[in-house]
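Chains as they are written, first to last, in our numbering: chain A, 1 to 268; chain B, 1 to 268; chain C, 1 to 308; chain D, 1 to 308.
Keep in mind that the hints were calculated from the coordinates and are not lab data. Misleading hints may appear alongside valid ones.
Quick look at which bits of chain C chain B covers, simulated, 3 or more residues with Cβ under 8 Å [said to hold, decoys possible]:
| # | region |
| --- | --- |
| 1 | 24-30 |
| 2 | 54-67 |
| 3 | 75-85 |
| 4 | 201-210 |
| 5 | 260-270 |
In silico DSS-like pairs for lysine-lysine, Cα to Cα no more than 30 Å straight-line [said to hold, decoys possible]:
| # | chain 1 | residue 1 | chain 2 | residue 2 |
| --- | --- | --- | --- | --- |
| 6 | B | K259 | C | K6 |
| 7 | A | K259 | D | K90 |
| 8 | B | K3 | A | K3 |
| 9 | C | K6 | C | K91 |
| 10 | B | K3 | D | K305 |
| 11 | A | K259 | D | K305 |
| 12 | D | K91 | A | K259 |
| 13 | B | K75 | D | K305 |
| 14 | D | K305 | D | K6 |
| 15 | C | K91 | B | K190 |
| 16 | C | K305 | A | K3 |
| 17 | A | K46 | A | K75 |
| 18 | D | K305 | A | K46 |
| 19 | B | K259 | C | K238 |
| 20 | D | K91 | A | K190 |
| 21 | C | K90 | B | K259 |
Taking beta-carbon pairs under 10 Å as the criterion, some of the chain D residues facing chain A (in silico) [claimed, not checked]:
| # | residue |
| --- | --- |
| 22 | G11 |
| 23 | F149 |
| 24 | A184 |
| 25 | L200 |
All C-beta atoms in this analysis are idealised placements derived from N, C-alpha and C, irrespective of residue type, glycine included.
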Amino acid sequence: MDKRVTLRIADIVKECSDVRTYIFQHPLAALPGQFIMLTDFAGGEKPFSLAWCNDQEFAVTVKAVGPFTQRLATKAAGDIVSIRGAFGSSFFISRHRALLVGGGYGTPPLYFLARRLLEAGAEVTVVNGARRSDDLLFCDRFRRLGVEYHNITDTGGSGREGTSVNLAGELLKTSKFDYVYTAGPELMMKSLIALLQDQPCQFLMERYMKCAIGICGNCTVDPLGLRLCVEGPVLNREQVERITEFGVYHRDAAGHRIKFTDRGEKIT
Amino acid sequence: MDKRVTLRIADIVKECSDVRTYIFQHPLAALPGQFIMLTDFAGGEKPFSLAWCNDQEFAVTVKAVGPFTQRLATKAAGDIVSIRGAFGSSFFISRHRALLVGGGYGTPPLYFLARRLLEAGAEVTVVNGARRSDDLLFCDRFRRLGVEYHNITDTGGSGREGTSVNLAGELLKTSKFDYVYTAGPELMMKSLIALLQDQPCQFLMERYMKCAIGICGNCTVDPLGLRLCVEGPVLNREQVERITEFGVYHRDAAGHRIKFTDRGEKIT
Amino acid sequence: MCKGLKTNFLGVELASPLVLPAGVMGMSYSGLKICVENGAGIVTSKSLTKLPRSGHEGPVMAEVPGGFLNCMGLCNPGLEEGLAEIAEFKKLSTTPLIVSIFATGREEFTELTLAANRSSADFLELNLSCPNVFDEFGIPLAASREQVFEIVRAVKEVSRLPVIAKLSPNVLSITDIALAAEAAGADALCLINTLGPGMLIDIYARKPVLYNRFGGLSGPCLKPIALKLIYEVYSSVKIPIIGMGGIQSGQDAVEMKMAGASVIGIGTAIYYHGLEIFNRVNQEIRDFLEESGYESWQAIPALDKIRD
Amino acid sequence: MCKGLKTNFLGVELASPLVLPAGVMGMSYSGLKICVENGAGIVTSKSLTKLPRSGHEGPVMAEVPGGFLNCMGLCNPGLEEGLAEIAEFKKLSTTPLIVSIFATGREEFTELTLAANRSSADFLELNLSCPNVFDEFGIPLAASREQVFEIVRAVKEVSRLPVIAKLSPNVLSITDIALAAEAAGADALCLINTLGPGMLIDIYARKPVLYNRFGGLSGPCLKPIALKLIYEVYSSVKIPIIGMGGIQSGQDAVEMKMAGASVIGIGTAIYYHGLEIFNRVNQEIRDFLEESGYESWQAIPALDKIRD
Ligand SMILES: Cc1cc2nc3c(=O)[nH]c(=O)nc-3n(C[C@H](O)[C@H](O)[C@H](O)COP(=O)(O)OP(=O)(O)OC[C@H]3O[C@@H](n4cnc5c(N)ncnc54)[C@H](O)[C@@H]3O)c2cc1C
Ligand SMILES: Cc1cc2nc3c(=O)[nH]c(=O)nc-3n(C[C@H](O)[C@H](O)[C@H](O)COP(=O)(O)OP(=O)(O)OC[C@H]3O[C@@H](n4cnc5c(N)ncnc54)[C@H](O)[C@@H]3O)c2cc1C
Ligand SMILES: Cc1cc2nc3c(=O)[nH]c(=O)nc-3n(C[C@H](O)[C@H](O)[C@H](O)COP(=O)(O)O)c2cc1C
Ligand SMILES: Cc1cc2nc3c(=O)[nH]c(=O)nc-3n(C[C@H](O)[C@H](O)[C@H](O)COP(=O)(O)O)c2cc1C
Ligand code: FES
Ligand code: FES
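Just chain A, with the same shape it has in the complex (with noise of 0.2 Å):
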């Protein structure tokens, strides 16, 4: 069963100007890295990474940057939406140290990470990137956590100037990590890449989906073929490496290969 279930919206906490973490009050078995699939009914199914989840609640961040999240960014507690999943891989959970490297939205699910890591008993470095500091988001759930958090911004506000890739990169040549985790743009996680050699790493790889139940083949990869709505979204460096579309272009809903550009932006 790919379970749906329909859920009121139990809270909305406005992130920044136009992203919303929404709550349900719901049981889901979901480990971190995996998604759902949401729907308000109105047009339109897409996925979203859990930002969190436990035996009685869970939630997702949400961006709003076109027709669907938009005017999910104009819901309110009480409204109802229809969830399927949770989907996908997760992440491994190391029980030693563990570097999370995020941006922008893919933020979120490495706070789950952290999370299911400390629990774990892994020690946790985070580095939080975004372009403004009034984008940068989970800064103080990270910093509850009690994990080593780094802010990085474009403009230095509330944080380091830079990339987040600069500051992984410092922090990988002066510490030894288990483990390196990253979610974000993808051209982000690009240039993270090259960094990494041989060090462990995974993954959160974002494709069109829409079965996301690995039958559409709508969210596959060349040339491996990968479903990232099963196999993925969470890959190991060694998939990640074969895969010679990442970070130059995905599949729109029709097909269509479009390419990444420097901005992480998307052009035909």
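Once you've looked at the hints, dock chains B, C and D with the ligands against the given chain A.
Relative to chain A, chains B, C and D with the ligands alone:
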């Protein structure tokens, strides 16, 4: 699942001129009193009680009375049939003193029961009745079990003369039994019930069966509406006493009510 | 029975909107009665034919993923004995009863209707859609708009009882057929009969599993097909619909109500959940009314019609 | 791959009789390739249309007992890009490939065929039967004998590739349609596309679960329907049949072979059993050949035809 499975007949034992036991090498999870539906793909699927059943094999003993069972009598070991089941209710397993009263092809399911009763530590007495001594089924098998065993026929050959009901009546007068079990012609069981008063007792009762899964309604008994393929074929005395059609009529494949006659035959 | 489940069906009050469909447990008065005792609000007899029928040779049922194939072959004791069973049921129960009849053409349907007029049944259902007697009778009547119209009109002319037309899902446009039945005066529709038919093959015996080769599909996997057809028909007709096909929970029943059905049949689910299924679904509906704030079963609204 | 699985399909040798059906994992060359790596003997592209289509708004899939509803809505990058994916697949694999095309009428089908002629595909499949674009395009072409005949004939006149007509189960007599396709020169048939369509309703939101409201039914519960239709068509036509609908085991595949199919598609079962399903079914077929003493897949005999 009603678990249809296709099997080769492993062995056939000729019990007497018109009765054969068909043995199958297949682990069936079945209890004494339960039945299977059997077809040879040549038209007809009929219910037969299990004569025995263990982890390796099971068997049914069939009397050739009409088109289907006569065709079965022509089969050889290695021939293919298909079975569904086991279905229906099963006998209560008493651990004390049990009296088993069987007649005709009602005897084999009592043999299965006897084995389970002995395993449970019960003390078992068997009354096995038939018209003629040639028709007595399973004598040797019962004897090998080491139960208290009585043959009885109309003519007195190879045992006592009389009816199994008379003999059972005598035994019930002289000994106390915790449980009485009976299977065989309905009019035989009807005579027996009169002797039982408040004696705990179970009956194996037959009605025309088609679906065997409690949907078609062909096997219900008046006025309770019990489905003999689900709530039966094993019924308690309390149930049987409230079945007004017991020993009076039954329904055929079209749902016609058919009367039982004194001689155990059926007329419209 | 809680007040919330009470349902008015063609002017008759039902204690529950749950229907025992034709052909399920309806061979004898006691079979009908035990379903009422378990919570059915209205029961349907086995489809009765003029003459008795023993039905097809077995196997007549085979389990498949999501349901069952059956080719009972319209076994029934014939109209006369069938009506006697109904009379016996009615002596014991005040629960409304639908007598289902099957015939091959207008004249025979009219003849059966006249007999049903003298019975103690409350409603008359025309089985226009049995998929299991194809070899004998050919494509179901319910595939032909003209035939359905003719038969329903002829029956309506003579019937003392409100007339329900039971339609087949195995047609190109069920709405066309439903409109024909409505135009001919049908008081209600019953949707849907079994799907297909389907087939199973025993690969070791190299034979069809059902002796009749083909059998109609019923059970849980029917629900989405039934919902779609009910919703489509509901969007076009004004007469009430008895919905059925794969229902096995209160949620399912409500779903079918929202598709446009007024009352809901439960057949094959008896296998999965026992006869208690009627009471359980009644309870689940009550729970849904409670949690969703609807006053009663009847207050549960349908979706907007397709053609609004 | 064991010798016993080798199959000749329209003169081309397949390493396995298992087919990846249209619309499943066929959006990209790498999706097709991974199915081959997992044991598919022949793969089908997503149905390509002249212009790109993003498909329906989600939700586009919903689980139901025994299967799934889907209303993908023929999403595809359009013929040109689709053929480029096929070319890329063909650079990497010698496995035969079927290009599936969808159009709304004869002329467009002909146009697409001309483009497919220049592709590296081995076979051309005409999707005459998509149930998910009803609102846009109306009743599937496969419901009309005349249309099927016309389109297949027109395509055959210009096609360099053998032509497969993919038919819909949602018709009154699939045999009539199949005969029309054969008469028009189709080289093979593909049976069956999804059933229904069906519908699900969310009773809390009071909305259809699929945003497109209706979706075609695929998966295990389709098998008995598919078997019946394949057996019926097999009894009437001479051209080979690609059988599909609910297959999820070697036993299922053999069953469909005995119903009359030559090669067997596996789509929805990928959800239940993973991509390994192809290899597993291959192995189960080999086991069956062994235990039953058949020499090869091709030696497994069909049932006697209905009309022998
Ligand atoms: C595994 C996974 C996890 C994700 N987790 C999150 C998350 O936690 N928070 C968050 O805000 N976003 C997340 N996304 C992205 C999110 O699904 C899209 O932002 C959203 O679908 C945009 O829809 P829209 O209609 O608002 O915008 P659109 O204008 O339709 O699209 C904006 C962008 O989102 C992408 N997108 C649109 N639809 C889909 C789809 N069905 N599947 C994948 N990508 C799509 C488009 O390619 C486009 O680049 C995740 C995506 C994936 C694949
Ligand atoms: C629960 C149960 C257990 C049974 N166990 C055995 C057994 O262990 N050994 C044995 O020899 N017989 C048993 N029978 C009876 C057996 O099913 C019938 O003898 C057989 O079906 C006769 O079929 P036929 O075509 O040979 O004869 P027919 O001429 O068709 O019928 C002969 C008699 O068998 C009855 N019968 C026929 N078909 C059915 C049916 N589908 N269901 C029930 N009764 C039917 C008829 O009512 C008739 O009285 C059992 C019946 C039931 C209900
Ligand atoms: C064993 C069986 C027998 C049936 N017999 C009849 C019948 O005689 N007349 C009829 O109109 N429908 C008959 N049907 C169809 C049911 O009335 C009902 O339409 C169908 O089974 C769908 O409902 P379900 O999925 O709840 O079973 C029969 C169905 C089954 C399973
Ligand atoms: C998600 C999905 C998409 C499909 N898309 C197409 C399609 O584009 N063209 C087509 O001819 N059939 C399409 N089909 C139908 C399948 O090819 C196949 O006929 C059907 O699913 C039955 O097989 P199955 O039960 O093994 O899935 C699709 C099926 C599914 C499940
Ligand atoms: S979204 Fe359909 S295969 Fe991944
Ligand atoms: S045989 Fe069908 S209900 Fe018992």
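Hint check, failures only:
6, 11, 18, 19, 22, 23 and 24
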